[in-house]
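The chain contents come next:
There are 6 protein chains.
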Amino acid sequence: MQRLPRLSALTPEDSGWGFFLCTYKELRAGRSGSEFLFLTLQDSTAQTVAKLLTDAERYKKEFEAGEFVRVEGRGSLYNGQIQLVLSNIRRVNPDQDRQQGFREDECVLSAPRPIDEMWEELKAHVAGVKRDHIRILLSRVLTDHESQLRTWPAAQTIHHAYRGGFLEHITKMAEVGEFVANAYQADWDLVLAGIVLHDIGKLQELAYDAGAGSYTRDGNLVGHIALGIIMVREATSGISGFPDDLRAQIEHVVASHHGLREYGSPVEPKTIEAFIVASVDDLDAKLNQVKRAIAEDPSGEEFTAWNKRLGRVLYKGPR
Amino acid sequence: MQRLPRLSALTPEDSGWGFFLCTYKELRAGRSGSEFLFLTLQDSTAQTVAKLLTDAERYKKEFEAGEFVRVEGRGSLYNGQIQLVLSNIRRVNPDQDRQQGFREDECVLSAPRPIDEMWEELKAHVAGVKRDHIRILLSRVLTDHESQLRTWPAAQTIHHAYRGGFLEHITKMAEVGEFVANAYQADWDLVLAGIVLHDIGKLQELAYDAGAGSYTRDGNLVGHIALGIIMVREATSGISGFPDDLRAQIEHVVASHHGLREYGSPVEPKTIEAFIVASVDDLDAKLNQVKRAIAEDPSGEEFTAWNKRLGRVLYKGPR
Amino acid sequence: MQRLPRLSALTPEDSGWGFFLCTYKELRAGRSGSEFLFLTLQDSTAQTVAKLLTDAERYKKEFEAGEFVRVEGRGSLYNGQIQLVLSNIRRVNPDQDRQQGFREDECVLSAPRPIDEMWEELKAHVAGVKRDHIRILLSRVLTDHESQLRTWPAAQTIHHAYRGGFLEHITKMAEVGEFVANAYQADWDLVLAGIVLHDIGKLQELAYDAGAGSYTRDGNLVGHIALGIIMVREATSGISGFPDDLRAQIEHVVASHHGLREYGSPVEPKTIEAFIVASVDDLDAKLNQVKRAIAEDPSGEEFTAWNKRLGRVLYKGPR
Amino acid sequence: MQRLPRLSALTPEDSGWGFFLCTYKELRAGRSGSEFLFLTLQDSTAQTVAKLLTDAERYKKEFEAGEFVRVEGRGSLYNGQIQLVLSNIRRVNPDQDRQQGFREDECVLSAPRPIDEMWEELKAHVAGVKRDHIRILLSRVLTDHESQLRTWPAAQTIHHAYRGGFLEHITKMAEVGEFVANAYQADWDLVLAGIVLHDIGKLQELAYDAGAGSYTRDGNLVGHIALGIIMVREATSGISGFPDDLRAQIEHVVASHHGLREYGSPVEPKTIEAFIVASVDDLDAKLNQVKRAIAEDPSGEEFTAWNKRLGRVLYKGPR
Amino acid sequence: MQRLPRLSALTPEDSGWGFFLCTYKELRAGRSGSEFLFLTLQDSTAQTVAKLLTDAERYKKEFEAGEFVRVEGRGSLYNGQIQLVLSNIRRVNPDQDRQQGFREDECVLSAPRPIDEMWEELKAHVAGVKRDHIRILLSRVLTDHESQLRTWPAAQTIHHAYRGGFLEHITKMAEVGEFVANAYQADWDLVLAGIVLHDIGKLQELAYDAGAGSYTRDGNLVGHIALGIIMVREATSGISGFPDDLRAQIEHVVASHHGLREYGSPVEPKTIEAFIVASVDDLDAKLNQVKRAIAEDPSGEEFTAWNKRLGRVLYKGPR
Amino acid sequence: MQRLPRLSALTPEDSGWGFFLCTYKELRAGRSGSEFLFLTLQDSTAQTVAKLLTDAERYKKEFEAGEFVRVEGRGSLYNGQIQLVLSNIRRVNPDQDRQQGFREDECVLSAPRPIDEMWEELKAHVAGVKRDHIRILLSRVLTDHESQLRTWPAAQTIHHAYRGGFLEHITKMAEVGEFVANAYQADWDLVLAGIVLHDIGKLQELAYDAGAGSYTRDGNLVGHIALGIIMVREATSGISGFPDDLRAQIEHVVASHHGLREYGSPVEPKTIEAFIVASVDDLDAKLNQVKRAIAEDPSGEEFTAWNKRLGRVLYKGPR
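Residue numbers (the working numbering), protein chains in the order written: chain V, 131 to 449; chain C, 131 to 449; chain X, 131 to 449; chain E, 131 to 449; chain U, 131 to 449; chain G, 131 to 449.
Please note that a few of the clues may not be correct.
Identical copies go unnamed one by one, so any copy, or any two together, can satisfy a pair.
Unchecked claim - Distance condition first, Cα-Cα at most 27 Å in a straight line; then the derived DSS-like pairs of lysine-lysine:
| # | residue 1 | residue 2 |
| --- | --- | --- |
| 1 | K438 | K416 |
| 2 | K190 | K416 |
| 3 | K438 | K191 |
| 4 | K155 | K191 |
| 5 | K155 | K438 |
| 6 | K260 | K421 |
| 7 | K446 | K260 |
Source of the hints: derived by calculation from the structure; they are not laboratory data. Just so we're clear, the structure is a prediction, and the values are computed from it rather than from any experiment.
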């Protein structure tokens, strides 16, 4: 039996074994009365549904959601989506399976760019900030939240929903935002602060563990926008002489970055920098979704299948 | 010349002199080329437009917006609204005019209930809170912001937009909210906390001075909802052992009290207490508008004139 | 074999026998070609899906939707929802089964408060009406529709959708509405009339039978708001000297009680009493949904699962 | 001095005298302190604003709104709209002015078709109804409300807002609706009933007097849709053996004729006949507005000025 | 074994054999691990889901989507919808099966009226156009696209989604539109041009083959409204001396025929003819949906099941 | 008498003479019965309202809208907006006034960057296009429409509404779009084509003359989006071998560049390049409005007055 390909390359023709992270596990009762296991598995490249249809009773004790697993199975199409049909599953035994090539990193859905590279890029951006107060603010945020900022996803499901997604999102925004800020004679220090901090509340909104994000109590009750504003307020309060108008402008970018009240921003952009951050954020989130949807569409057609979240099909290019 | 009646009782038949607060002053060029003064005057009962059509050049130096004034003039209907046409205006000379009956209090648009009475009522509510942490929190808020809480309006223009309006709004909400909370076995401590704190950010959102409210920098850039959450966070942080779930629930009521995201709430109600506060707030604000609109409508008809903000006429009762 | 617990307490660990009302029955073809019975069962505490997977052909003749049944089976989780998997089902034989503890009342989903108690409360409210015409109107409505008013649900599915739900809804609204009306110096007679009559058209909109509500022809074609206005018009016409402005104001409360045209009200509130009834109705309906959703959520988490109708998760309290 | 042309033909070059109906009169204070009269005048062809700028004090006693007047003045453009600037106005003295050519009919804004002709047409439609119950119903409605049906406008301001407008609207709808009903094998009896009755509630919603419509108490509080349904219910109740499904379908057409809930229909079309009536009503109302707007636009351009109600300019044809 | 009835008449009691067009074919993995074929079959009267549950592996090679097939099976209800459960399926062998009564026409979902009859009617309309330029334009369009115009559906799924649906839609619109245009003194030549051309872009938007429509690249990327305008522009460019204002008015009808921008029209109706075409199009499309929904509803109830696209139930008539 | 400053620098303290373009002229009847001239004047830096209140009858013959004029007058505040009150006005006599410093260029509201410089930049972008077909397409468009592309505004009123505004808009979009396209590995050739062509239909939608834009017949009836698609289609048809998928993608960017159907795009973005162009277009249009609003706000406050089009105040910076 050969090793399964990466999930992003899985086809109905593939069968074999592989290591994955199991992020969801449910014992379902089938219509015929028998039970089966409904799972979500991921590796660094993609995520997929998996089903174990026989001997569910036996295998269900072999692992839990949140654990790395070793499976045997084959690819299968269901309603036009590729999934895995399993014949065997157990939790990984790290010591032993490492010899077979098991590596944690390769089993967690991840941003395509190396995290260290993105992190250095972000630090360089911060180091280049001209105004002392803003540079100190951003440096502290990077220091205080380094481990989360390096590994968090940018959202639970919608965009950049994988390890390092948060970092990928803000480094790409910073790359684009710097150019845009200069093009419009905006205050790049403020734009960068807005980019780094606009979603900072997500570090408290989401709990990210074992490849899966979930909402915290504060995430559900307060939301990442208000949480982020509080974090900015607390951080700036700790910096002696932080100018009040800068503090207010940074909080404004965080508060208004969804652009419209119906999208969850309690105030709408009123500064040039807030308009830029909202626009760059929206474009980066949308293009991440679009590119993922195009990459994951399995058909040989010119267009993807209907994308429910975007409410449209997407063009993949001429056949 | 006799004294003008209170503005709430002004008719086109009245003429005479009176003391008022001038909250707006503009020199306008009339179409005939001549200039006139366009003013807003108020006393404790109502607010009205006033115009001085002759000798504007001379009178405009006699006072500024924000000052108490002594005027002479008469009532006049314009597009169905009562206003004052002035023949004379000057700033009040307190020492001298006090003998003529000038009293600051009577010249500032105010809530109908005495402020001391409402304040005692609110303090009694807070004293009755069962859980120590919440009672301490609310007590401190009352202590720290007493002067603002006693005099602030509840909004710049929409509802309770007068001296003591903030206090009138929350005491009425507390009266109703206590009953509703008990009726639904909700947590009255939390509902009261939500009522006292839901608009607390307005103390930073608005600057209220000389009978007129205006938006502050933080008001425009951050907004009273996020400002209020920050104030709650800072206040609870200062209380040792404040339970985190209570803190989150109180912040949630503040965050969600507009009910819907398109009305400016970044999160929507998810607790019974949040639903109650949002409902009681909405009803009290609407009924304040409705009652004012009915009271201020000068016609003898069964219905008021079209109310633009509410988008309807209102029923005043059978003729 | 032991008796199954009340449905509100059912867990996947339970198995045994019980009496229920069957409100829905469908023979479905499973994917494997075999057929199974898909049912909805209820007792006074809750409602659940039930499936009979084997020998469906035989059992399907043993009962019909709308009948009380005796079943044997066990609890089972399906997509996170508890349901019953049956091994046996037959219609109740009242004479014989009564000895085993069968009672009709306990098999129909019902309001938690005793109906007689709520009915007396409502009659007391009506007896306290000051104006003769309104008291006579409400008394007649209670007399003419007593049996429906005591048993009808308040809606087909959304809120208070069980035996006595209509009565529970209006008595709770009356309890709250009386306080609110007094707090705002509103006309309590009119508010009470609005509360009793706002949904009176539902008695014609819905057919309620054997624990299930369905839409009548008039319900679909005319709707409960217009039906209710007609009922008010007919009732007031039968009362000599009923003042026309009172009649119009009561019809207005019925017509406007959904608050906005997009929610189905052909006119929007234009009287203080109409604003109050619309607000109290909305809050009571929402809190009923919220409390049910919290009570029925089976998980041990702080928040319920996603509630599709409310479009959010709900907070159940700290773990 | 010559006679002014009909208002539909008035230009800034015209001056002279004429007879009109005054439908609105207000004494306004100009910015220069002087007062002037702001009026609305109409004849059978059009309606216009008129102003009397000098000696307002004297002339204001010479007539009241609702009276026929004799004026002297000239056409004038104001913001691109033609209006009358008056130098003289007094109420008509019928005996004397009739010799000068005064005729009431020619001073009231009216439908272009003769009322008798439309009335005969409508009666013929009703006489052709096949089903006895519906024919009796419609005949009675025509008999009972003849005088209103012949003179009422179809709306206060939006479309067919002139004498005979109601009749013009329903006869045109009947002409078109008959063809459409046949084209789609719909029930023409029901469509005709819907056309005659869909706005019947307006006879109670509006008070029409002296060329001007205003809302009644029931119009504001209940609205013409519910009022119309009540009228249908009362009328069908008086006809022995009126089939219940026909009654419900007719009420449904009335209830749903605005097409969508946000346009004020408490239920939306669910029968073929209801779809047809809603469509034919909407088209006739829109085309009446469009044709009026095109006819009344004074410019020599290809397009009308911006039409606020329709939210667009309209094409008048190539120059 | 007898022949199955037409699909529009199929009941759960029927079993036998028949010829159909297969428009969709998918091999699905059932929960029990076995695979089955999920198909869509149609004849000239209706379309239905079909499933082959046993020996899917063998039968799947016997035919492809887009081919005519011979099946054996029986009617079955699933979630209240009739479908076919098959025991046998193979592609049609035209030579041999024609003797058994196979005819292509009878296996493709089709408009109820004969295509030749509708085509002659449309040609007669065009022949009657008064203005030469418009008549030449329409004649050329009919000549150039005859084969598509005769066979195309009017939409992929929503209305008239069958062979000849396009032609049925525009001939019915022409029948109604001619009357309406005359009733409102509109320009019938322009209205007819708008009717024939409003959806002409669908000939490029959709690919229609073997009884199924799908979106083309241009359909997805440009859309039928812009495609149609381009076709009009190209066709009028080829006609010497085509008046520019006529060209613009025809393009306007095409551009605005969805009525509102949110329905996809880049401009909204600004001519009488555009209002008429948009109205007649909307009514014909809606009534086609309504009539289909009523005809296809299998229950014996007064109302259809919930119609998701229309967002309501529909009245079928008294029982 | 000294020369007036540039309009962007005008204050109520200024008086003197100057040369301007008059873009609007209307004789208005004041309330006092006298007439005055209401004008719009512009120079290269700003546009303002001007009024001539005395001797309007005489001066109105001295010039027409669309002509350059020489005026005498003074700055004046009206409702917080600066305007000119004139005492004298006549049309420019070019020969004579040129000696006084009259220059056409300086009297037409214009983009701040020199047009030649922007034009060279745009040509360089086009010259750098890699794919021959797209480069040829864009080169031809630049050649064929050079004079319009150099002088047209980007919109009638909303953004870049001045001479050269179209060119300023697309060169800025190209500057930003190139960076964004590279950042997301998008097809820069296509993005550039989209930027150059997205508003190309405005050259037919608007007529721009004498400093003022107005809608053409095609602009009103067809709209710039469909007009632009037609222009692309015609241009690509003239280029031998233009690949069909490129043509469709370019048309798609034009069709979808408003982003949403309710903003007038008949299709919504389905390619990465379309998302980018829509985003860059929206941001550039908004920032142009924001910067203008900030620059033109005359007050000394931190925030501008309420901006009706953007629905908010804007932050100008700390005082």
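Results of checking the hints against the structure:
| no. | hint | verdict |
| --- | --- | --- |
| 1 | K438 x K416 | both (13 Å within a copy, 25 Å between copies) |
| 2 | K190 x K416 | neither (38 Å within a copy, 39 Å between copies) |
| 3 | K438 x K191 | neither (35 Å within a copy, 32 Å between copies) |
| 4 | K155 x K191 | within (11 Å within a copy, 36 Å between copies) |
| 5 | K155 x K438 | both (24 Å within a copy, 22 Å between copies) |
| 6 | K260 x K421 | between (35 Å within a copy, 23 Å between copies) |
| 7 | K446 x K260 | between (42 Å within a copy, 21 Å between copies) |
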